[in-house]
Every structure is written in structure tokens, then in C-alpha cells.
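*Asks:* The residues making up each chain are set out below.
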Amino acid sequence: MTSRSYQRGFRMALPFLLPSLAGMLLFSVIPIVVAIFLGFTEWNGLSKINLTSGFFPMIVDQWVGLKNYGQILGDKEFWRVLGNTGYYIVLYVPSILIASTIVAMILNSGRKMIGLYRILYYIPVLTSWVAGALIWKWVLSPDLGAMNNILSLIGIHGPAWLQDKTWAMPGIVLASIWKDAGFFGLILLGGLQGIDPTYSEAAGIDGANRLQKLFRITIPLLTPVLFFILVITLINSFQLFPQVMIMTTDAGPNGATQSMVERIYKYAFKYFKMGYASSFAWLLFLIIFFFTSIQMKMQDKWVNYDA
Amino acid sequence: MRSRSKGFLSSVAYHLFSSFLAVAVMVPFFWMVITSLKDKGAMLTVPVQWIPTHPNLLSFDKVIHLFRFDTALLNSGIVSVLATAVTILSAAMAAYGFAKIEFRGREGLFRIYLATMMIPFQVVLIPLFLVMKELGLINSFVGLIIPSVFNAFAIFMLRQQMMTIPNDFIDAAVLDGAGQYRVFRLIILPLTAPTLITLGVITFMGTWNDYLWPLVMLSDRKKMTLPLVLNVLNGQYTSDYNVLMAGALISMAPILLLYLIAQKYFKAGLQVGGIKG
Chain A
0 MTSRSYQRGF
10 RMALPFLLPS
20 LAGMLLFSVI
30 PIVVAIFLGF
40 TEWNGLSKIN
50 LTSGFFPMIV
60 DQWVGLKNYG
70 QILGDKEFWR
80 VLGNTGYYIV
90 LYVPSILIAS
100 TIVAMILNSG
110 RKMIGLYRIL
120 YYIPVLTSWV
130 AGALIWKWVL
140 SPDLGAMNNI
150 LSLIGIHGPA
160 WLQDKTWAMP
170 GIVLASIWKD
180 AGFFGLILLG
190 GLQGIDPTYS
200 EAAGIDGANR
210 LQKLFRITIP
220 LLTPVLFFIL
230 VITLINSFQL
240 FPQVMIMTTD
250 AGPNGATQSM
260 VERIYKYAFK
270 YFKMGYASSF
280 AWLLFLIIFF
290 FTSIQMKMQD
300 KWVNYDA
Chain B
0 MRSRSKGFLS
10 SVAYHLFSSF
20 LAVAVMVPFF
30 WMVITSLKDK
40 GAMLTVPVQW
50 IPTHPNLLSF
60 DKVIHLFRFD
70 TALLNSGIVS
80 VLATAVTILS
90 AAMAAYGFAK
100 IEFRGREGLF
110 RIYLATMMIP
120 FQVVLIPLFL
130 VMKELGLINS
140 FVGLIIPSVF
150 NAFAIFMLRQ
160 QMMTIPNDFI
170 DAAVLDGAGQ
180 YRVFRLIILP
190 LTAPTLITLG
200 VITFMGTWND
210 YLWPLVMLSD
220 RKKMTLPLVL
230 NVLNGQYTSD
240 YNVLMAGALI
250 SMAPILLLYL
260 IAQKYFKAGL
270 QVGGIKG
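Quick mapping for you: the protein sequence lines, in order, are chains A and B. Just so we're aligned: the first sequence equals residues 0 to 306 in numbering that gives the first Met the number 0. Just so we're aligned: the second sequence equals residues 0 to 276 in numbering that gives the first Met the number 0.
Read the hints as simulated data drawn from the structure, not as lab findings. Hints may contain errors.
Pairs of lysine to any residue, SDA-like flavour, derived with a Cα cap of 25 Å [what the hints assert, rightly or not]:
no. : chain 1 : residue 1 : chain 2 : residue 2
1   : B       : K221      : B       : L136
2   : A       : K269      : B       : V130
3   : B       : K39       : A       : S140
4   : B       : K132      : A       : G44
Partial selection, computed: residues in chain B whose CB lies under 10 Å from chain A [stated by the list, open to error]:
no. : residue
5   : L73
6   : A94
7   : F102
8   : Q121
9   : L127
10  : A247
Don't be surprised by glycine CBs; every beta carbon is placed ideally from N, CA and C.
Same shape as in the complex, but just chain B:
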């Protein structure tokens, strides 16, 4: 598909088309931003004010003071960072065990790991909630995060990666007197770094945006993550869209910034995640 027969017309058509698509994608965001800058009166005028005549930050003020978005931001940050760390560490360890240590029943056990991926989360949701209740972990970050310790998808992806590392590397290190923990830390982890980063980004974003599991686990306002606070906001300010849009904007900002900063890793990461996963 690298045909370079760029006529002037096809070039114009291309730019028209791709920029139209870009505009279509951005209109809802533009709509969010302008609405968040309006007061309720300006929001309800017909015809619509595409550029607010008296832009102000009152909705942001309201949302921040009534809803403690700073706490929610912090909660989302803590939960996402910890869940990512737990996922990656546990998955990398398991993947190493399956890829590079031989033991009886290895294939069978790995197949059981993979089989759990077939059961949709909704089936496990209710009993998982009961387990957490039993452990007294409802409304706690620990309860929210701890299921990350088992992530079959991450283990699978990392195992595939680690299988490609030649055993000779490991054997040489073992002969030099390295124990398995040193092998894991000094050989395996550095060699799988790109996949670890990819998985890290995927997990972080997934946790940051997660809705169903926190919805079931958290009812305490002070513990809520951003999507849940927005959910409550949606229930209470059903028609105050300027307030809702301000909240949506605040919740999006950190992940967007992170994306722009981490763009380079992310691009590479997603393709690995999508195709080779």
C-alpha cells in the first residue's frame, strides 16, 4: 500500500476526508469544553452558542468544591499505579515460571490459567464480591486492587515473549553462580522491558477508566475513583450539563497529558498488544 501516485486531486480528497474525520472525532470534545465554560442560562439558549459569549469557570468551581475531584484524582492515581505494579510483577514472575523453569504438569497448569480467560468477568463478579465481603475488603483499595494479582492475559503475553529468550543466556548466568532471582531480575526483566511497558500502559489505562468493578466495590465517596465520581455527578446533576462537562474534562485531563508525554512508547506498545498479544 505504499503507492506514491499522488495526483493533486487525490491529495485534496485525502486531506478533505481525513480532516473531516478528525473534526467529527473532535466535535464532542469541543462541545464538552464550550459547555463547561457556560453558565446554565447560556447553556439553554436556542440557537446554540458555539462560542460562549460570557465564558467563565463557575462550573469548574462548583465541581471541584462539591465533589472533591482532587481526592478522586488521587484515588484514581493510587489505584491505577498499584494495580499496574501488582499485575506486572505477578504476571512477570508467573510467565518466567512457565517459560523458563521445567516442572511436571507445567503445560496442564498453564492451560488452566488460559481457560479462565473464557469466563466473562460478569460471571465472576457476584462471587468475587462475596469473597471480598468475606475478607472484609469492601470499600477498600486493597479489595479493588488485589484481583490484579491474577491476570491470565498478561501472563500469556509475557510468557510468549520470554520463550524467545535463549536458554543459553540463563544457563551461562547459572554457571557463573547466579541464583534464579538474579536471573529473573538481571536477565529476564531487562530483555522483556518493551512488553512490560506495553502491558503497564494497557493495565494503567484499563484501571484508570474501569467502571463495573469499582461500581460494585466502592460506595464511600472518599474512596471513589474518577469514573465513579462522574457517575454520582451524573445522578445528581442530571441536567446541569455545564457541571457534568467540567467534571468530564477534569477526569480526562491527566490521562491525555500522560498520553502526549508517553506517545512514543504507547504507539509501539499498542501494536504489540493488539497483534502479537
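The following block holds chain A by itself, in its conformation from the complex:
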């Protein structure tokens, strides 16, 4: 790529950039700017506005400053929702890391039947969340569902899952692991296959056993991929939505499965508190931004890019 291209000049690039540029302005930049303003208003979504001419008068008319943000942060509901999300993350993130590592190692073993396993493990990923959540809602049905009937075969009396304040979120976590393990497993598999086999061969000659190889070589060399998965799963966790909407009516007993996006959707499109919902969405952004930045900072401590 040393030679300079013959193709130069914005006028030459413009026809190629035009569709995405228009799309970016109309569907990304303008909405972001509008969202900033909306977050400072208590617009109810019902009064008709004209984005082109009537937008700023509406903003001025409905302006409440930081009131929405104060109200959200002062509401017990917000902290409950954060707590629910935390509960989900604590259960889901470690489980998905372990589950996808297992999937990747099975698929990387070079044995027979891998082709079949690969398809089977991947089917939940292909299923839409709506269909998957419907299935799990029925699997977790307290008396008639598959889960508790299977558990009773080994003598365990299962909980009421989605109808129980404590067990509703673990139920959603189970469905999420089932849905996502194949996806992250295949990503990790790509990472595994990128590891130079000479490392573990050398360790084998030096007398390392299988577990030592796993924890001293394979996993350290996988940390870049694990880091990627950790960042993505954490972002996804904060955006928990379809599971909650489909599996739990009214977000579970005592709001036990309420999530941030579920709240945003309901405030905006059920209660028509567009301003309040916009503030809520910006808080979601700040939280995601905060945790992603921390992870980026922390990566020096444990992610190994030497391979």
C-alpha cells in the first residue's frame, strides 16, 4: 500500500458516501441530539410536535432541567432495577464464560461427531429471542414445566421460577445461557484454533499435565478473546430486554425482573413519558460507558497479548 491511489478528492468519494452519510445524520446524529434535549423535558409524547419547525418551542415549553435525572435517581425503582441487573450479571457472566469455554473445548477436541454437536449447540443462537423466551417460559412453568418435572426425577422439588421473587431472575439467566453459549463458544473456538500448538507441546515435554496446560497456557493465551466476550456480555446484560418482556408478565413478582430497557420501553411507549424515558436511556448509556471504561483500564492487569 505504498503507492498513492489515483482516486482522490471528496467529490469522487461523495457518491459512495452519500447513502450512509444521509443515514448517519438522519438516523443517528439528529436522534442523538434530539435525545439529549428530550432528557431535559417532561414531554408526554401526546402533544403533536413538528420536528422541523415546532421542536425548539416544544423543548422550551416543556423544559425541566435536571428534574428527570433527579427523580430517577431518587426513585427506589431505579435502584431495584440496578439490583436486578446486578443479580443477572453475577449469575450470567461467570456462567456464560464457563459454558462457552466448555463448548469451545468440546468443538476443538478433534474427535468424531463434532459436526453434529456444532449444529446442535448452535440452534438456540439461531432461534429468535421471542421464540426462545416463549419456550423457556413453558419449560419453567412450576407444576407442568419440563424443568421441575425433570428435577423431581432426581428428587428435587423445584421452585416456582418465574413466579417467585428470588427465582425469577435465575430462570431468565438459565434461558440466556442456553441461548448464548453456542455463540460465544464459537467465538472462543476461533481463539483456541489460533493458539500455536507448539506452546502446549513444549509444556508437555517439560512434564506439564493436562490441567496445568489448561490453566497455564490455554486460558492465558485465550484472555484477549475472553476479554472481548466479557465486554460484550456485560454490555448485553445492561440491555436485557426480550427475555423479560416475554417470560415475565409485568416484569415478575414485585418487579423482580424489571430491567433498564424494559423500563425505558414502558415509560416511552406505554406511559408516554418520553422525556423521562430519554433521561433513563442516557443513564443506561452512562452506566455502560462507565463499566466498559473500567474494563478497558483493567485489561492490562490480566489480558495477555503476547502470543
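Starting from the structure of chain A, add chain B where the hints point.
*Replies:* Chain B only, in chain A's frame:
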């Protein structure tokens, strides 16, 4: 990790473990299928009938006639195909502009494109809905699809790919008298075909399974895509799980078939998408 020290015991343990996992993954699907074949009475019996004693297709009948799954299937197909085409075409054009045409402010503009990826969709959702309302596109496929014209992730991925194409290829074609559109069509697109296919599959599946954006945009039953029809079904037949499972099964079938057919491309595609994206 290609140690071939397969003792008989470790082999047995491996197969036990991996097949247990496969069964665990498949149980919910098995549960869906058997439930869809039961009538309501059989569904409510305790102990559970793991093999339905009188399997029948009544729930499918009900779901298809009451809910016009054929229309929803068609809607999902149209929306997914068009959204994929729009995404790929627009992203490939933009990526070419950024990768192979030099102009002032190129890096800055590209950075703005990338920066939009940081804002979660939920923030943009409400204003985007307002924009669509303003344009009179609520309840229309155009409104559902048109935001695909800007997909920063796809542009980023394709640009990375196109940067690796040597400029000499392009310069040679230009010297031979090819215009930039010919260069784009005859050199760039064929050379990035694998990435285009990968992105196509990812976009198609994402659109096919999409929930939040259609939920906000579509309220007209006749326009609804499969996940939305299932959503309505879930609201109306809350406890008729045989009907719900029949609906879930119908909604899954096309994408599963597509996957089995396109398996080969898909495998390669996903890894590119996940790691090198």
C-alpha cells in the same frame, strides 16, 4: 490443544459430557415439539406425557388460521431480505469511499462514524421513532428498513477488509480506463465477497429475529413480522402453551432450514465476524 492422548476412559468421559450438553440444549426444543402436538387436556396432565398419547396438529391449525403466520412469514422474509440488501450495499459503498478514495477529512469523518457505535440503540429509539413519525413511516416496511442504510459496524468491518486490497489492482484498472463504479463492481466487491456474505448472514438473522424496533414501529397486524406475531400470541394465549409452542415452532423452521443449507458459509462467516470484526 491437539493432544491425541485419547485413553478409552477419557474418550468415554468426553462423549458422555458432550452428549449430555447436547441433550440439555435440545430438551427445550423437544418440549416445544411435544407440547405443540398435544391438546389442552393432554398438556395439563400430571405426570407429564413425555410422549403425547394422542398427537395431533390442532394447535398448528389454530395458530395458522387465527394468526396468519403465512403473512408474518412473508413479512419477515421481505423485511429481512431488503434490510440485508440495503445494509450491505450502503456499507460496501461507504467502506470503499473510506478505504480507497483519498479526501481531506477522511479520518475525522470515519471517526465520527465509529463514535456513533458507542451510543446504545435505546437512546436513539425514541427520537428515531419521532423521525419516522415525522416522515409518515410508522407501520411501514420502509420505516422499519431504512435505518439500515447506516450501519457503522458493517462499514468498519468492510473497510478493514478493503484496506488489504493493494492499490495497484485499482490503479491498473484505472489506467485501463475503468471508472470508479467499474472498479467498485468488478474489483472491490468480488474481492470482499466472503466478508459480504458473512455480514449478509449476520444482518439477515439479526433482522429476522429483531424485536425492539419492530415492536415500536408496527402495530398493524397485517404488517407484523414473526417475533411480533408471537408477542401478540403470547399476550392472548397466555396459558395455551400448545398453541404458543406451535407458533414458536413455525417461526423457527425457516431460519433452521436456511442454516442447514448455508452451514458451510455460516461457520466460516461467524468466526470472521466474531474475531476479526
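*Asks:* All hints are to be evaluated individually against the structure, with a verdict given for each.
*Replies:* Here's how the hints hold up against the structure:
1. K221(B) x L136(B): holds (15 Å)
2. K269(A) x V130(B): holds (19 Å)
3. K39(B) x S140(A): holds (15 Å)
4. K132(B) x G44(A): Given that 25 Å is the threshold and the Cα spacing comes to 12 Å, the pair holds.
5. L73: Nearest chain A Cβ about 16 Å off; hint violated.
6. A94: holds (9 Å)
7. F102: It holds, given that the least Cβ distance between F102(B) and chain A is near 4 Å, below 10 Å.
8. Q121: holds (5 Å)
9. L127: holds (5 Å)
10. A247: Holds: closest Cβ of chain A sits about 4 Å from A247(B), inside 10 Å.
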